[in-house]
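Novice: Make a model of the complete structure from these sequences and hints.
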Amino acid sequence: MIVKVLLTCVGGGLVPQMITLFRKSKRYHLDIVGTDISKNAVGKKFCDQFFVVPKGSSSHYVKKIEFIVKKEKIDLIIPTSDEEAVALAAKRKVFEKIGAKLACTDIATLRILRDKSKTFQYMEKAGIKMPKWYCAKNLGEIKKYGKKMVEEYGEVVIKPAIERGGRGVTIISEQTKRKKKNTDRVSFYTSYNEFSKKLPSSKFSFPSIVMEKLQDPVFDVDMLAWKGDPVSIVARRRLNPIYPNLGHLIVQNKELTKLAKKIISIFNLSWLYDCDVMFSKNKVPHVIEINPRQSGSVAVSLAAGLPLLENVVALSLGQKIKNRNITAEKKIKLSTSLKALNR
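By my numbering, the letter at position 23 of the sequence shown is numbered 30, and the numbering carries on one by one without gaps.
Treat the hints with care, since some could be wrong.
Here are the simulated lysine-lysine pairs, BS3-like style, with alpha carbons at most 30 Å apart [stated by the list, open to error]:
| # | residue 1 | residue 2 |
| --- | --- | --- |
| 1 | 288 | 265 |
| 2 | 288 | 188 |
| 3 | 77 | 46 |
| 4 | 327 | 108 |
| 5 | 136 | 288 |
| 6 | 204 | 155 |
I should point out that these hints are in silico values taken from the structure, not numbers from a laboratory. These numbers were taken from a predicted model, which means no experiment stands behind them.
Specialist: Following this line, the structure appears as C-alpha coordinates:
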(Lines of atoms letter the chains of each structure in order from A and count residues from 1; the text may use other names and numbers.)
(Lines give C-alpha, C1' and ligand atoms only; values in the text may rest on other atoms or scores of the structure.)
Protein backbone atom coordinates (compact mmCIF):
# COMPACT_ATOMS: atom_id res chain seq x y z
CA MET A 1 0.00 0.00 0.00
CA ILE A 2 1.41 3.40 -1.01
CA VAL A 3 1.16 6.18 1.59
CA LYS A 4 2.39 9.72 0.95
CA VAL A 5 3.75 11.25 4.14
CA LEU A 6 4.84 14.85 4.69
CA LEU A 7 7.51 15.24 7.38
CA THR A 8 8.25 18.79 8.51
CA CYS A 9 11.52 20.13 9.94
CA VAL A 10 13.80 17.53 8.35
CA GLY A 11 16.93 19.42 9.40
CA GLY A 12 17.29 17.61 12.74
CA GLY A 13 20.51 15.71 13.41
CA LEU A 14 18.89 12.25 13.50
CA VAL A 15 16.43 12.79 10.64
CA PRO A 16 18.49 10.72 8.13
CA GLN A 17 18.42 7.77 10.53
CA MET A 18 14.72 8.31 11.25
CA ILE A 19 13.73 8.33 7.57
CA THR A 20 16.00 5.37 6.76
CA LEU A 21 14.37 3.32 9.52
CA PHE A 22 10.86 4.54 8.66
CA ARG A 23 11.35 3.26 5.09
CA LYS A 24 11.98 -0.25 6.40
CA SER A 25 8.22 -0.62 6.93
CA LYS A 26 6.93 -3.95 5.66
CA ARG A 27 3.30 -2.77 5.78
CA TYR A 28 3.52 0.34 3.61
CA HIS A 29 5.38 1.69 0.62
CA LEU A 30 6.25 5.18 1.82
CA ASP A 31 6.58 8.21 -0.42
CA ILE A 32 8.20 10.79 1.85
CA VAL A 33 7.99 14.54 1.23
CA GLY A 34 10.18 16.63 3.51
CA THR A 35 10.11 20.32 4.37
CA ASP A 36 12.48 22.63 6.20
CA ILE A 37 13.39 26.31 6.48
CA SER A 38 16.89 25.52 5.18
CA LYS A 39 17.65 24.41 1.63
CA ASN A 40 20.59 22.47 3.08
CA ALA A 41 18.58 20.46 5.63
CA VAL A 42 20.43 17.26 6.54
CA GLY A 43 17.36 15.12 5.80
CA LYS A 44 16.81 16.57 2.32
CA LYS A 45 18.53 13.82 0.36
CA PHE A 46 16.66 11.10 2.24
CA CYS A 47 13.26 12.37 1.07
CA ASP A 48 11.57 11.58 -2.25
CA GLN A 49 10.64 15.25 -2.61
CA PHE A 50 11.82 18.28 -0.64
CA PHE A 51 10.50 21.84 -0.24
CA VAL A 52 11.87 24.89 1.53
CA VAL A 53 9.16 26.51 3.66
CA PRO A 54 8.83 29.61 5.89
CA LYS A 55 9.19 29.31 9.66
CA GLY A 56 6.20 27.80 11.43
CA SER A 57 5.56 31.17 13.05
CA SER A 58 5.28 32.91 9.65
CA SER A 59 1.87 34.03 8.36
CA HIS A 60 2.80 32.37 5.04
CA TYR A 61 3.61 28.96 6.52
CA VAL A 62 0.20 27.27 6.38
CA LYS A 63 -0.44 28.42 2.80
CA LYS A 64 2.88 26.92 1.69
CA ILE A 65 2.11 23.59 3.37
CA GLU A 66 -1.38 23.60 1.84
CA PHE A 67 0.19 24.08 -1.60
CA ILE A 68 2.58 21.15 -1.03
CA VAL A 69 -0.19 18.88 0.27
CA LYS A 70 -2.30 19.55 -2.82
CA LYS A 71 0.61 19.27 -5.26
CA GLU A 72 1.97 16.02 -3.82
CA LYS A 73 -1.42 14.52 -2.84
CA ILE A 74 -0.28 13.98 0.75
CA ASP A 75 -2.15 11.41 2.88
CA LEU A 76 -0.57 12.18 6.27
CA ILE A 77 1.21 15.21 7.74
CA ILE A 78 3.62 14.59 10.64
CA PRO A 79 4.80 17.90 12.16
CA THR A 80 8.11 17.53 14.00
CA SER A 81 8.61 21.02 15.47
CA ASP A 82 6.59 22.86 18.11
CA GLU A 83 5.77 25.93 16.01
CA GLU A 84 4.70 23.90 13.00
CA ALA A 85 2.46 21.59 15.03
CA VAL A 86 0.68 24.60 16.55
CA ALA A 87 0.35 26.43 13.20
CA LEU A 88 -1.02 23.37 11.40
CA ALA A 89 -3.39 22.31 14.18
CA ALA A 90 -4.93 25.80 14.15
CA LYS A 91 -5.90 25.18 10.49
CA ARG A 92 -6.69 21.46 10.72
CA LYS A 93 -9.91 21.75 8.72
CA VAL A 94 -7.99 23.19 5.75
CA PHE A 95 -6.06 19.93 5.42
CA GLU A 96 -8.95 17.61 6.25
CA LYS A 97 -10.92 19.17 3.38
CA ILE A 98 -8.20 18.19 0.93
CA GLY A 99 -7.89 14.65 2.29
CA ALA A 100 -4.81 14.87 4.52
CA LYS A 101 -4.70 13.62 8.11
CA LEU A 102 -2.75 15.73 10.62
CA ALA A 103 -0.84 13.70 13.22
CA CYS A 104 -1.19 15.98 16.23
CA THR A 105 -3.82 16.69 18.85
CA ASP A 106 -6.18 19.69 19.08
CA ILE A 107 -4.84 23.24 19.10
CA ALA A 108 -5.96 24.02 22.67
CA THR A 109 -3.95 21.11 24.07
CA LEU A 110 -0.90 21.93 21.94
CA ARG A 111 -0.86 25.49 23.25
CA ILE A 112 -0.71 24.13 26.79
CA LEU A 113 2.05 21.65 25.98
CA ARG A 114 4.15 24.27 24.20
CA ASP A 115 4.28 26.44 27.34
CA LYS A 116 5.96 24.72 30.30
CA SER A 117 4.27 27.01 32.83
CA LYS A 118 0.82 26.07 31.49
CA THR A 119 1.83 22.41 31.32
CA PHE A 120 3.04 22.41 34.94
CA GLN A 121 -0.15 24.14 36.14
CA TYR A 122 -2.36 21.70 34.24
CA MET A 123 -0.55 18.64 35.62
CA GLU A 124 -0.67 19.96 39.18
CA LYS A 125 -4.43 20.47 38.92
CA ALA A 126 -4.73 16.91 37.57
CA GLY A 127 -2.92 15.58 40.65
CA ILE A 128 0.47 14.79 39.11
CA LYS A 129 3.27 15.44 41.58
CA MET A 130 5.55 18.23 40.34
CA PRO A 131 8.91 19.54 41.55
CA LYS A 132 9.00 22.90 43.38
CA TRP A 133 8.73 25.62 40.75
CA TYR A 134 7.83 29.24 40.08
CA CYS A 135 6.88 31.17 36.96
CA ALA A 136 9.04 34.31 36.61
CA LYS A 137 7.57 37.08 34.45
CA ASN A 138 10.51 39.48 34.66
CA LEU A 139 14.14 39.82 35.77
CA GLY A 140 13.13 40.85 39.28
CA GLU A 141 11.20 37.61 39.76
CA ILE A 142 14.13 35.57 38.44
CA LYS A 143 16.30 37.17 41.15
CA LYS A 144 13.65 36.66 43.83
CA TYR A 145 12.77 33.04 43.05
CA GLY A 146 16.32 32.05 42.09
CA LYS A 147 17.70 33.23 45.42
CA LYS A 148 14.86 31.59 47.34
CA MET A 149 15.42 28.22 45.66
CA VAL A 150 19.21 28.31 46.21
CA GLU A 151 18.66 29.13 49.89
CA GLU A 152 16.22 26.23 50.22
CA TYR A 153 17.85 23.58 48.01
CA GLY A 154 21.39 24.81 47.31
CA GLU A 155 20.55 24.47 43.61
CA VAL A 156 18.14 25.84 41.02
CA VAL A 157 17.36 25.55 37.32
CA ILE A 158 16.10 28.50 35.25
CA LYS A 159 14.78 27.92 31.73
CA PRO A 160 12.42 29.49 29.19
CA ALA A 161 8.78 28.45 29.42
CA ILE A 162 8.57 28.38 25.62
CA GLU A 163 11.63 26.91 23.93
CA ARG A 164 12.54 23.65 22.24
CA GLY A 165 15.66 21.52 22.26
CA GLY A 166 16.63 22.20 25.89
CA ARG A 167 18.12 25.57 25.00
CA GLY A 168 18.56 28.64 27.22
CA VAL A 169 18.98 26.72 30.49
CA THR A 170 20.80 28.16 33.52
CA ILE A 171 21.92 25.93 36.41
CA ILE A 172 23.12 27.31 39.74
CA SER A 173 24.50 24.69 42.09
CA GLU A 174 26.33 25.59 45.29
CA GLN A 175 26.80 21.85 45.83
CA THR A 176 29.11 21.68 42.81
CA LYS A 177 32.72 22.30 43.88
CA ARG A 178 34.08 22.40 40.36
CA LYS A 179 32.32 24.54 37.78
CA LYS A 180 31.08 22.69 34.71
CA LYS A 181 31.91 24.06 31.31
CA ASN A 182 29.15 26.09 29.66
CA THR A 183 27.63 24.67 26.48
CA ASP A 184 25.52 26.11 23.68
CA ARG A 185 22.45 25.00 25.66
CA VAL A 186 23.33 25.31 29.35
CA SER A 187 25.14 27.92 31.48
CA PHE A 188 26.55 26.76 34.84
CA TYR A 189 27.22 28.77 38.04
CA THR A 190 28.62 27.51 41.35
CA SER A 191 26.93 30.17 43.50
CA TYR A 192 24.03 32.60 43.45
CA ASN A 193 26.49 35.47 43.95
CA GLU A 194 28.39 34.51 40.80
CA PHE A 195 25.09 34.32 38.91
CA SER A 196 23.77 37.64 40.28
CA LYS A 197 26.92 39.52 39.18
CA LYS A 198 26.36 38.43 35.59
CA LEU A 199 22.57 38.73 35.72
CA PRO A 200 22.29 42.25 34.21
CA SER A 201 24.08 41.07 31.05
CA SER A 202 22.20 37.77 30.83
CA LYS A 203 19.41 37.39 28.33
CA PHE A 204 16.24 35.68 29.51
CA SER A 205 12.96 35.16 27.72
CA PHE A 206 9.75 35.48 29.69
CA PRO A 207 7.92 33.78 31.16
CA SER A 208 10.72 31.64 32.61
CA ILE A 209 10.54 28.57 34.83
CA VAL A 210 12.54 28.71 38.08
CA MET A 211 12.54 25.21 39.49
CA GLU A 212 14.07 22.65 41.79
CA LYS A 213 17.12 20.97 40.25
CA LEU A 214 16.45 17.30 39.64
CA GLN A 215 18.99 14.48 39.35
CA ASP A 216 20.70 13.12 36.25
CA PRO A 217 20.12 11.10 34.14
CA VAL A 218 17.44 12.49 31.86
CA PHE A 219 14.85 10.14 30.38
CA ASP A 220 13.08 10.69 27.07
CA VAL A 221 9.73 8.92 27.00
CA ASP A 222 8.07 8.27 23.64
CA MET A 223 4.28 8.16 23.97
CA LEU A 224 2.14 6.85 21.12
CA ALA A 225 -1.52 7.23 22.02
CA TRP A 226 -5.03 7.14 20.64
CA LYS A 227 -7.96 9.03 22.17
CA GLY A 228 -6.42 9.14 25.64
CA ASP A 229 -5.27 5.52 25.71
CA PRO A 230 -1.63 4.40 25.43
CA VAL A 231 -0.56 2.43 22.36
CA SER A 232 3.21 2.32 23.00
CA ILE A 233 5.44 3.79 25.70
CA VAL A 234 9.22 3.69 25.41
CA ALA A 235 11.52 5.04 28.13
CA ARG A 236 15.05 5.97 27.03
CA ARG A 237 17.85 7.03 29.38
CA ARG A 238 20.17 9.58 27.80
CA LEU A 239 23.85 8.70 27.74
CA ASN A 240 24.53 12.45 27.83
CA PRO A 241 22.00 14.51 29.84
CA ILE A 242 22.36 17.63 27.66
CA TYR A 243 22.60 16.13 24.17
CA PRO A 244 19.98 13.42 23.48
CA ASN A 245 21.37 12.64 20.02
CA LEU A 246 24.49 11.11 21.56
CA GLY A 247 22.70 7.90 22.46
CA HIS A 248 20.23 6.21 24.80
CA LEU A 249 19.68 3.10 26.85
CA ILE A 250 16.18 1.68 26.39
CA VAL A 251 14.94 0.89 29.92
CA GLN A 252 12.04 -0.94 31.53
CA ASN A 253 10.73 1.27 34.34
CA LYS A 254 7.25 0.85 35.80
CA GLU A 255 7.22 4.35 37.34
CA LEU A 256 7.99 6.03 34.01
CA THR A 257 5.35 3.92 32.25
CA LYS A 258 2.78 4.80 34.90
CA LEU A 259 3.58 8.51 34.61
CA ALA A 260 3.33 8.41 30.80
CA LYS A 261 -0.08 6.72 31.01
CA LYS A 262 -1.31 9.51 33.31
CA ILE A 263 -0.07 12.17 30.88
CA ILE A 264 -1.77 10.48 27.94
CA SER A 265 -5.01 10.26 29.90
CA ILE A 266 -5.22 13.77 31.36
CA PHE A 267 -4.39 15.44 28.04
CA ASN A 268 -6.52 12.94 26.07
CA LEU A 269 -3.66 12.51 23.61
CA SER A 270 -3.70 10.96 20.16
CA TRP A 271 -0.60 10.45 17.97
CA LEU A 272 3.10 10.50 18.95
CA TYR A 273 4.69 12.73 21.61
CA ASP A 274 7.72 12.91 23.84
CA CYS A 275 8.19 13.93 27.45
CA ASP A 276 11.41 14.51 29.37
CA VAL A 277 11.60 13.14 32.90
CA MET A 278 14.11 13.35 35.75
CA PHE A 279 14.02 11.95 39.28
CA SER A 280 14.21 13.93 42.52
CA LYS A 281 16.63 13.10 45.32
CA ASN A 282 13.75 11.16 46.85
CA LYS A 283 13.52 8.99 43.69
CA VAL A 284 10.25 10.53 42.52
CA PRO A 285 9.92 10.93 38.72
CA HIS A 286 9.00 14.44 37.57
CA VAL A 287 8.10 15.71 34.12
CA ILE A 288 10.34 18.59 33.06
CA GLU A 289 8.59 19.10 29.73
CA ILE A 290 6.14 17.54 27.30
CA ASN A 291 6.83 18.20 23.65
CA PRO A 292 3.79 18.92 21.43
CA ARG A 293 5.27 16.62 18.76
CA GLN A 294 7.48 13.57 18.48
CA SER A 295 10.99 13.49 19.89
CA GLY A 296 13.92 14.69 17.80
CA SER A 297 15.61 11.43 18.78
CA VAL A 298 12.65 9.14 18.05
CA ALA A 299 14.93 7.27 15.63
CA VAL A 300 16.44 5.60 18.71
CA SER A 301 13.18 3.75 19.40
CA LEU A 302 12.89 2.83 15.73
CA ALA A 303 16.44 1.44 15.79
CA ALA A 304 15.57 -0.57 18.89
CA GLY A 305 12.90 -2.38 16.87
CA LEU A 306 9.66 -0.53 17.57
CA PRO A 307 8.14 0.93 14.35
CA LEU A 308 6.53 3.97 15.97
CA LEU A 309 6.17 5.95 12.74
CA GLU A 310 4.74 2.96 10.88
CA ASN A 311 2.23 2.74 13.72
CA VAL A 312 1.38 6.43 13.30
CA VAL A 313 0.50 5.61 9.69
CA ALA A 314 -1.60 2.65 10.86
CA LEU A 315 -3.54 4.89 13.25
CA SER A 316 -4.19 7.39 10.45
CA LEU A 317 -5.70 4.58 8.35
CA GLY A 318 -7.71 3.05 11.19
CA GLN A 319 -5.66 -0.15 11.05
CA LYS A 320 -4.46 -2.41 13.85
CA ILE A 321 -1.11 -1.90 15.56
CA LYS A 322 1.00 -5.03 15.22
CA ASN A 323 4.07 -4.17 17.30
CA ARG A 324 3.52 -2.16 20.50
CA ASN A 325 6.44 -2.68 22.88
CA ILE A 326 10.16 -3.11 23.40
CA THR A 327 10.68 -5.80 26.01
CA ALA A 328 14.47 -5.79 26.42
CA GLU A 329 16.96 -3.12 27.50
CA LYS A 330 19.07 -1.93 24.59
CA LYS A 331 21.88 0.60 24.18
CA ILE A 332 21.54 2.62 20.98
CA LYS A 333 24.05 5.15 19.64
CA LEU A 334 22.79 6.37 16.27
CA SER A 335 25.77 8.59 15.54
CA THR A 336 27.44 5.47 14.15
CA SER A 337 24.48 3.23 13.32
CA LEU A 338 23.55 4.83 9.99
CA LYS A 339 26.68 3.34 8.38
CA ALA A 340 25.59 -0.08 9.54
CA LEU A 341 22.12 0.46 8.07
CA ASN A 342 23.59 1.21 4.66
CA ARG A 343 25.79 -1.90 4.46
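Novice: Would you mind marking each hint as holding or not holding in the structure?
Specialist: Hint check:
{"no.": "1", "hint": "288 with 265", "result": "holds (19 Å)"}
{"no.": "2", "hint": "288 with 188", "result": "holds (23 Å)"}
{"no.": "3", "hint": "77 with 46", "result": "holds (21 Å)"}
{"no.": "4", "hint": "327 with 108", "result": "holds (17 Å)"}
{"no.": "5", "hint": "136 with 288", "result": "holds (14 Å)"}
{"no.": "6", "hint": "204 with 155", "result": "holds (17 Å)"}
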